[in-house]
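*Asks:* Produce the complete structure using the sequences and hints provided.
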Amino acid sequence: MKKKYSLYFPIVLILTLFCSFKGDLTVPREKGEKIFLKHADDALSVIAKTAGELKIQGVAMVIFIPGDSVRSWISKMEVVGHLRRGNYNMLAYAGSKVAEMADTYKDSGSGIRPPIKGEYGYPGGVIMKVSSGYLMTVFAGGESSDDDKAAATAGLNFLSQFFK
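For the sequence shown, the working numbering gives the first residue as 38, with consecutive numbering after it.
What the hints contain is simulated information worked out from the structure, not anything from laboratory work. The reader is advised that the hints may include incorrect statements.
Unchecked claim - Listed next, with one range per pair, are the computed distances between beta-carbon atoms:
hint : residue 1 : residue 2 : range
1    : 198       : 89        : 20 to 26 Å
2    : 123       : 89        : 35 to 41 Å
3    : 82        : 151       : 18 to 24 Å
4    : 123       : 201       : 39 to 45 Å
5    : 120       : 68        : 17 to 23 Å
6    : 89        : 153       : 31 to 37 Å
7    : 123       : 71        : 36 to 42 Å
8    : 181       : 116       : 15 to 21 Å
9    : 166       : 75        : 16 to 22 Å
Said to hold, decoys possible - Derived DSS-like pairs: lysine-lysine, alpha-carbon spacing no greater than 30 Å straight-line:
hint : residue 1 : residue 2
10   : 86        : 113
11   : 113       : 71
12   : 166       : 113
13   : 92        : 143
14   : 154       : 201
15   : 143       : 166
16   : 154       : 71
17   : 154       : 75
18   : 86        : 68
19   : 113       : 201
20   : 86        : 71
21   : 154       : 68
22   : 92        : 113
23   : 154       : 143
24   : 68        : 92
Even glycine gets a Cβ: it sits at the ideal position worked out from N, Cα and C.
*Replies:* Structure representation (structure tokens):
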């Protein structure tokens, strides 16, 4: 009978230790993701404020891509005034800009290659490599691509300062 209990003791001990340290064994969120989530709403506010100064309305997006290639991302979006104008869906335009940047790792509308299906090649999205991945910011809805890019750039400049 003594041998039977001596066999269970190590198993129970291992299970007890595993359960007590379970929280410590989980993988912590990537540092870049935490930084992004902490400042994403403020970056959207900076884009919205810049859009207001430029007297434009549309859709703002901020995106964080962890790592060196696009396999997943975290994003936030905010409607700044309106989601659509007439028959134009500003979120679809913003998505097109993001898709182009995710494929080229260049600002949208860079012209480094012709747009492919699903893209329009419009400027208004900007991308930056940071130590923990990539940041992308987008605005769609301005009267000119220059206005879209100015609003997006303001958001990227704000957000990137936390990744240095």
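*Asks:* Evaluate each hint against the coordinates.
*Replies:* Verification of the hints:
At about 21 Å, the beta-carbon gap between residue 198 and residue 89 stays in the expected band of 20 to 26 Å. For residue 123 and residue 89, the hinted distance range of 35 to 41 Å is not satisfied, since their beta carbons lie about 21 Å from each other. In this structure the hint that residue 82 and residue 151 lie 18 to 24 Å apart at CB is violated, the actual value being about 35 Å. Here the CB-CB span from residue 123 to residue 201 is close to 41 Å, well matched to the stated 39 to 45 Å.
Taking the beta carbon of each, residue 120 and residue 68 are about 33 Å apart, not inside 17 to 23 Å as hinted. Separated by about 33 Å at the C-beta atoms, residue 89 and residue 153 satisfy the suggested range of 31 to 37 Å. For the pair residue 123 and residue 71, the beta carbons lie near 40 Å from each other, so the given range of 36 to 42 Å is met. A beta carbon spacing of about 20 Å between residue 181 and residue 116 agrees with the range 15 to 21 Å that was offered as a hint.
Between residue 166 and residue 75 the C-beta distance comes to about 20 Å, which sits within the given range of 16 to 22 Å. Restraint check for residue 86 and residue 113: the C-alpha separation of about 16 Å stays at or below 30 Å, so the hint holds. Of the pairs offered as hints, the one joining residue 113 and residue 71 holds, with about 14 Å between alpha carbons and a cut-off of 30 Å not exceeded. The hinted pair formed by residue 166 and residue 113 meets the criterion: a straight-line CA distance of about 18 Å does not exceed 30 Å.
Of the pairs offered as hints, the one joining residue 92 and residue 143 holds, with about 27 Å between alpha carbons and a cut-off of 30 Å not exceeded. Between the alpha carbons of residue 154 and residue 201 the distance comes to roughly 35 Å, so the proposed pair goes past 30 Å and is violated. Using a Cα cut-off of 30 Å, the hinted pair residue 143 and residue 166 holds, with the two alpha carbons roughly 10 Å apart. Between residue 154 and residue 71 the CA atoms are separated by roughly 33 Å; this puts the pair beyond 30 Å, and the hint is violated.
A hinted pair counts as satisfied when its Cα atoms are at most 30 Å apart, and residue 154 with residue 75 does not qualify at roughly 34 Å. A hinted pair counts as satisfied when its Cα atoms are at most 30 Å apart, and residue 86 with residue 68 qualifies at roughly 27 Å. For the given pair, residue 113 sits about 21 Å from residue 201 by alpha-carbon distance, which is consistent with the 30 Å threshold. For the hint pairing residue 86 with residue 71, the CA-to-CA distance comes to about 24 Å; that is within 30 Å, so the pair holds.
For the proposed pair residue 154 and residue 68, the alpha carbon gap of about 34 Å is over 30 Å, so the pair is violated. This hinted pair checks out: residue 92 and residue 113 have alpha carbons roughly 22 Å apart, not beyond 30 Å. Note on residue 154 and residue 143: the hinted pairing holds, with a Cα-Cα distance of about 17 Å set against a maximum of 30 Å. With a C-alpha separation of about 36 Å, the suggested pair residue 68 and residue 92 falls outside the 30 Å cut-off, and the hint is violated.
Hint compliance for this structure: hints 2, 3, 5, 14, 16, 17, 21, 24 are broken, all remaining hints hold.
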